[in-house]
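K.L.:
Taking the hints into account, I'd like the entire structure generated from these sequences.
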Amino acid sequence: MMHEVAPQPPKVGPATITVSLADSAGKPIAGARVKLEGNMSHPGMNPVFGAAREIGDGRYQASIEFTMGGDWVMLVRVDLPDGQKFEREFEVKGVQAG
Amino acid sequence: MSKLSSNSDAGSANFDLLRTPILGRILGWRHSRTLLQVPLFLLSVVMVLHGLFGPALAPKNLATTLSWVHFRGALVLVMLVAGNFFCLACPFMLVRQAARRFFRPRRNWPRILRNKWLSLGLLVLTLFAYELFDLWSSPWWTAWLIIAYFLGALLVDGVFKHASFCKYVCPIGQFNFVASTISPLEVKVRDQEVCLECRTKDCIRGRRDSPRSLNVIQRGCELALFQPLKIGNMDCTFCLDCVHACPHDNVGIMSRLSAGELMTDPPRSGVGYFSRRKDLAALATVFTFGALLNAFGMVSPVYALQRWLAGVLHLQREAPVLGLIFAFFLVVEPVLLFGLAAGLSKKWGGAKEAIIPLSIRHSYGLVPLGFAVWLSHYAFHFLTGIFTFIPIFQSALASIGWPILGEPHWGLAGMPKSAVYPLELGFLGLGLLGSLLVSYRLTEEGSAQRPGLAFAPWAGLCALLWIAAMWLMSQPMEMRGSFLSG
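Going down the list, the protein sequences come from chains A and Z. Per this note's numbering, the first sequence starts with residue 1, numbered consecutively. Per this note's numbering, the second sequence starts with residue 99, numbered consecutively.
Warning: the hint list may mix true and false statements.
What the hints assert, rightly or not - One-sided and incomplete, this derived list gives chain A residues near chain Z with beta-carbon spacing under 7 Å: (1) H3; (2) P7; (3) Q8; (4) N39; (5) S41; (6) P43; (7) G44; (8) P47; (9) M68; (10) G69; (11) G70; (12) V73.
Stated by the list, open to error - Computed far set for chain A versus chain Z, every beta-carbon distance over 10 Å: (13) E4; (14) V5; (15) A6; (16) P14; (17) T18; (18) D23; (19) A25; (20) G26; (21) K27; (22) A32; (23) R33; (24) H42; (25) M45; (26) E65; (27) D79; (28) K85.
Unchecked claim - A short list of chain Z residues far from chain A (calculated; beta carbon distances all over 10 Å): (29) L150; (30) D307; (31) G483; (32) A511.
FYI, nobody ran anything at the bench for these hints, they're computed from the structure. Beta carbons: idealized from backbone N, C-alpha and C, even for Gly.
P.N.:
This is the structure we're talking about:
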């Protein structure tokens with residue numbers, strides 16, 4: 001699974017996260033359901049959520065809002081068309097405040 | 099009579115928590131402490147297990163969430179409205195008490211360590227480790243910190259008699275002792291006249307099953323606080339041993355003026371004079387300036403400062419940079435500010451005390467403001483994240499194949515930040531007011547020829563720290579673990 005975050009460097013406010021899914025042969029996976037959840041590294045903060053829409057070529061795009069500066073951890077929950085489910089996470093470090 | 103009458107409020111018509119219908123009966127029960135400790139002990143076990151074996155992401159883990167959001171927030175809020183009830187319910191003491199059924203400590207705590215210097219060092223070390231290792235973001239390290247506390251309490255109180263760990267070692271305990279000086283409740287005698295007639299002094303000696311027996315059936319105060327001469331909450335763990343030991347039912351949990359104990363300097367049982375305790379003054383200073391430093395660690399300017407220091411000094415590692423920041427904010431800044439305020443107070447007000455004794459006496463005046471900063475900071479996390487433990491419990495139970503609480507509701511959080519911000523400002527305002535009042539009373543008690551002018555520099559210092567706190571709380575929060583990577 002690959003991902004991109006825009007804008008770069010990430011800032012507090014709206015952001016677009018694009019996730020690319022491919023099978024073990026590298027073939028893009030279409031028809032999956034992808035949900036994102038963003039958490040700060042500190043407990044007790046409001047998590048942010050986003051449902052991704054498919055934009056083709058195995059790519060899924062979601063809008064989320066970074067509500068605070070700092071390090072974020074994104075959880076990606078994927079439901080594949082064949083019923084399989086998996087979860088991955090990646091970090092978005094140093095989201096800039098203001 | 100003259101000595102015992104120093105605890106002057108006793109015997110008045112103060113509110114007494116132990117005289118209330120339900121809570122009073124529960125707290126007055128001999129096993130009330132155990133009743134409170136057992137749930138916290140079980141919760142600690144759950145936190146340790148989840149911290150070691152549960153999700154590595156801090157917001158999904160009970161160890162980090164309950165430690166850094168709920169425990170700290172509830173602690174300062176309970177201190178504000180009641181007293182040191184967290185020391186009362188301390189789970190570490192439950193384990194040490196159980197262990198003492200098998201191992202009787204034989205040694206007295208070393209005389210050279212009968213002060214707050216060791217525990218002060220440990221408190222600073224804890225604050226330093228919190229920043230350096232980003233403890234808030236590590237369930238694993240948080241679990242080990244809890245384990246270390248249990249082991250530390252067991253080891254110290256397994257070797258040394260009385261409550262050596264609480265009085266001389268525990269960093270949380272020292273924080274609680276200072277914070278509880280602003281609490282509205284205090285464990286103290288109801289009627290001094292009764293103490294005058296008392297011949298057994300069980301509140302300090304404890305009670306044995308017979309005069310010649312070594313078998314203690316009820317402990318007296320293990321922190322050497324003799325009730326008739328005890329003044330204030332410093333060093334009091336609210337363990338209620340004195341309440342249960344008193345054969346005359348003459349010890350209560352009484353109301354009092356919050357922070358009133360900071361305004362005067364009488365001799366205090368088990369503590370002595372505040373003005374002669376450099377270690378206590380240093381603890382109060384670290385408490386106040388550490389509150390600002392701890393909050394500073396959560397806003398973006400700290401990262402700019404760290405990067406600037408690292409660049410200027412060509413440092414690649416965080417520890418020395420953080421060490422410099424700690425040294426500046428906890429040592430250099432207080433020394434300069436206290437020195438300046440004391441110097442001006444002497445010059446303008448004609449105080450006869452030397453600068454160091456004057457600074458020591460006034461270090462306690464800043465405690466209300468320091469407490470307000472801790473309160474604003476921790477109440478923010480607590481109130482904005484108060485429900486975050488619910489989905490974690492749901493998830494934890496589901497992960498062990500017992501999904502009785504249903505699907506985790508990860509969106510549960512707490513009050514909106516915009517609603518908590520006015521509360522933070524209110525706490526800081528109250529803290530400033532408290533510090534101004536205490537500082538004024540301390541000035542009045544001193545040797546200044548012109549108390550009004552002598553007070554002005556201390557008022558200026560309170561105002562300066564309040565402005566710093568207001569600025570910190572108005573900054574957008576930023577939680578970053580890797581400042582050198584940008």
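K.L.:
Would you check whether G69 of chain A satisfies its interface hint, that is, whether its CB is within less than 7 Å of any CB in chain Z?
P.N.:
4 Å, holds
K.L.:
Classify the hint on Q8 of chain A as holds or violated, based on whether any CB of chain Z lies nearer than 7 Å to its CB.
P.N.:
12 Å, violated
K.L.:
Would the hint on P43 of chain A stand, with a C-beta cut-off of 7 Å toward chain Z?
P.N.:
Holds: closest Cβ of chain Z sits about 4 Å from P43 of chain A, inside 7 Å.
K.L.:
Quick one: work out the minimum CB distance from K27 of chain A to chain Z and report holds if it exceeds 10 Å, violated otherwise.
P.N.:
Per Cβ check, K27 of chain A is outside 10 Å of chain Z; nearest 31 Å; holds.
K.L.:
Classify the hint on N39 of chain A as holds or violated, based on whether any CB of chain Z lies nearer than 7 Å to its CB.
P.N.:
Nearest chain Z Cβ about 4 Å off; hint holds.
K.L.:
According to the definition I'm using, a residue is off the interface if its beta carbon is farther than 10 Å from all beta carbons of the partner; does A25 of chain A meet that for chain Z?
P.N.:
31 Å, holds
K.L.:
For the hint on G70 of chain A, does the least C-beta distance to chain Z fall short of 7 Å?
P.N.:
4 Å, holds
K.L.:
Taking the minimum C-beta separation from V5 of chain A to chain Z, is that value above 10 Å?
P.N.:
Nearest chain Z Cβ is 15 Å from V5 of chain A, so the label holds.
K.L.:
Does E65 of chain A really sit off the interface, with its C-beta more than 10 Å from all C-beta atoms of chain Z?
P.N.:
Non-interface label stands for E65 of chain A: nearest chain Z Cβ at 14 Å, farther than 10 Å.
K.L.:
When the nearest CB of chain Z is found for P7 of chain A, is that gap smaller than 7 Å?
P.N.:
Violated, because the Cβ-Cβ distance from P7 of chain A to chain Z comes to roughly 15 Å (cut-off 7 Å).
K.L.:
Grab the minimum beta-carbon distance between A511 of chain Z and chain A and tell me whether it stays above 10 Å.
P.N.:
4 Å, violated
K.L.:
Given H3 of chain A was flagged as interface, is its beta-carbon under 7 Å from a beta-carbon of chain Z?
P.N.:
Not OK, violated: H3 of chain A not within 7 Å of chain Z, min 17 Å.
Consistency note: the structure conflicts with the earlier hints numbered 1, 2, 3, 24, 25, 31 and 32.
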